[in-house]
Amino acid sequence: MRSVPAAPTRREVVAHWVRRRPRRLRRDAPRSGDHAVAGLLLALGLLHSPAAAQTSTSPRPTIEALRIDAPIRLDGVLDEAAWERAPVGSSFTAREPEDDRPAAQQTEFSVVYTENVLYFGIRAHDPEPDAIVAKELQRDSDHGRNDDSLAIVLDTFHDQRNSVTFEVNPLGARTDSLVTDEGKDQNIEWNGVWNATARRTTEGWQAEVAIPFATLRFDPAQSVWGLNVRRVVRRTNEESNWAPIGREIGPRAVSRMYAAHWVSLAGDLTGISGVKPGRRLDVKPFVLASAAEEPRNEASGTIDDIDGGIDLKWGLTKSLTLDLTYNTDFAQVEVDQQQVNLTRFSLFFPEKREFFLENAGIFEFGPPSPGGGNRPPLMKTFFSRRIGLDRGEEVPIDIGARLTGRAGAWNVGLLTVGTEAVAAGNRPGAAAAQHSVFRLKRDLGERSSVGMIYTELDPRGGARNQLYGVDLDYKPNRQSQFYLFGAASEDESRSGDTGALGTGWAYTTRTVRANVDLTEAQGDFNPGSGFLLRRDFRRYHPTVRWEPRVNRGVVRSWVLEAELDYFERESLGRIESRKLLLAPIGMRTTGDDRFRLAFVNDVEQLFEPFEIRPGIVIPAGLYKFDSIFLRGFSNQGRRLAWRGNINVGEFFGGDRRSYMLSSFVRLSRHLLTEFQWNYNEVTLPQGDFTATIYTVRLDAAFSPDLRLNTLAQYNDAAQLAGVNVRFNWIYKPGANLFVVYNHNWAAPTFSARETARRELIVKFNYLWQP
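Going by this note's numbering, the sequence shown opens with residue 328, and the numbers climb by one from there.
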């Protein structure tokens, strides 16, 4: 293989800094302390050192792709002559555990292509090949990210904003994702058509990756693509990149997945010419057979059904794709995980359906989603789970169309889906409806954008809902970001104030991330096709996080955080809730274990009584309560791993104890088990209760394309239990056979007479690419 000169690595001198019972309150609680804390957090957010703010101006590395005539045989051997003739990219730079240093383990890669397929050949050298961590065979498994891995990040439009990632581990297990605005939205549920093989050698391991050009969106006239290749050596927690990514992008990027999304720091891939996205016509018909029964409903009998439908993907232009779906079915999607709700607000469940996931990031609008944990978003002006689902029950989709992609400097997203009417027995059914959304964004400068959104929900025979919005995302540099949005809804059933607006600022250095978000939604603002956690609110939300690196003993870095989340009722101008969180003790170890201790002070104003459980009603009033929160999790790459949290303290005039413990046991590379226990005990003057959820997962992967997943759940408070078993065989890229069995009980005895519903589903789809 012939080598090309490597870009010089960056050096930067960084100075490491080391060294009672609850009571009812009066209605108008003083707020001066809140303002003082907000001011303190804002001041902390301005912490800034010249060394921390520096951004690399080193030239980015470049590699040329070699055109070949014969396709590569994917076997992980790299013995074709093409690999010997192709230029080589090397000289990876570490980001973890120390950044801006040559990687301890050498990595080399080459790029070749035919008229139809882009190939990567990668050699990951390792002096201890027997110590390589490789335990996951299942595609798209979260646990696969805890193995040794190689990831290819492509910015095909070279817009330094959006990318697609293809990742493989030493067993050939694959993971892929679509990323919008350098990580603002990451769609890990997307499944592209591509393939990869990997093989261990006496010198480490190596991989061959084949990505059809039909899977990628690109401009054939664009001669340069953005490219980065990332390697993770799990036993030493070393992360290295071909195009260096230092920690100047901030502590938020402690996740290697997040850091790799910074394609504005990527290198250049040149030499690709004479290829086209082609007709890019994918036709995927499916046939489904199912049998279901509800033993508790003697009149239902057995419900047998044979059905079919079709999905079509058509590349209209070099960068615009039209997706059509008819008689859509999502029977193979994993069931939602049970949650305990101790708030007066709605639960949030993520989207899992494939049709709605591809390029979902283009429809994002409004305040940023929370950065971690299980916290729901405050507002989503468009939320695709509003389509085809009603109170957790599936609503048939007649036909749907989606147009997404780019037109010059514009990002375009258009979606329209029609659903059928459904009767629901003793409760109100779902009316037939048409859901539509149009999103348009124009690039400004290198990383900024301005855009608009329009959504419409038209229930046939019901009140129509519309929403209009405009937004600005301004990023003057990699340290600062400012956003602004405004929206208004029109609803035939509402006549009050229907506006919403928000603004925010974030500042990031190597050790500090500070941000302030201000959001307001008036009382009758109603995103009919979206999700709104609260109504009639004004929110002030400053946060700051400081993570100095020390690398002493077992401590890699300390993590200190502070957050104020303040809500007031917009129409009244009075406090509704306030959460002050101070986390003075947080640590990330050299073994990648993490711990955090936080002290939380809550204020909650109930304007109306709150029924937290049937028969247990908390009176209206103003409450203040304190609690302690402890969270930790181990290195998830170990054969036995865990994560958990403890929350103990006061709660609405009483007490609350909450515990969550989840353990993972890797029995072999084929078998993974997970057990999760979520326990809540609440003692109130109005009554006591407990709520416990038990969850057991068993994932069996026989190969990267053949797997069996089992999810069993029991919710004692709701007296519900269920088992979801899913078999999936990817018999060729993009084509699947699914066998799904669901069994739900309405009582904890697990007896046949308590079965609420059981069903068996077989679904077969086929990918045809004319």
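If you're looking for bench data, these hints aren't it; they were derived computationally from the structure. Ideal Cβ placement from N, Cα and C applies to all residues, glycine included. Any given hint could be a false lead.
As the list claims (entries may be wrong) - The calculated PhoX-like cross-link candidates involving lysine-lysine, where the alpha carbons are at most 20 Å apart (straight line), are:
1) Lys603 - Lys645
2) Lys511 - Lys679
3) Lys645 - Lys679
4) Lys511 - Lys611
5) Lys611 - Lys1059
Said to hold, decoys possible - Derived DEER-like restraints, expressed as beta-carbon distance ranges:
6) Pro677 - Asp632: 34 to 44 Å
7) Ile955 - Pro398: 20 to 30 Å
8) Glu747 - Leu647: 43 to 53 Å
Now the hints, each set against the structure:
no.	hint	in the structure
1	Lys603 - Lys645	8 Å, holds
2	Lys511 - Lys679	18 Å, holds
3	Lys645 - Lys679	28 Å, violated
4	Lys511 - Lys611	30 Å, violated
5	Lys611 - Lys1059	13 Å, holds
6	Pro677 - Asp632: 34 to 44 Å	27 Å, violated
7	Ile955 - Pro398: 20 to 30 Å	60 Å, violated
8	Glu747 - Leu647: 43 to 53 Å	29 Å, violated
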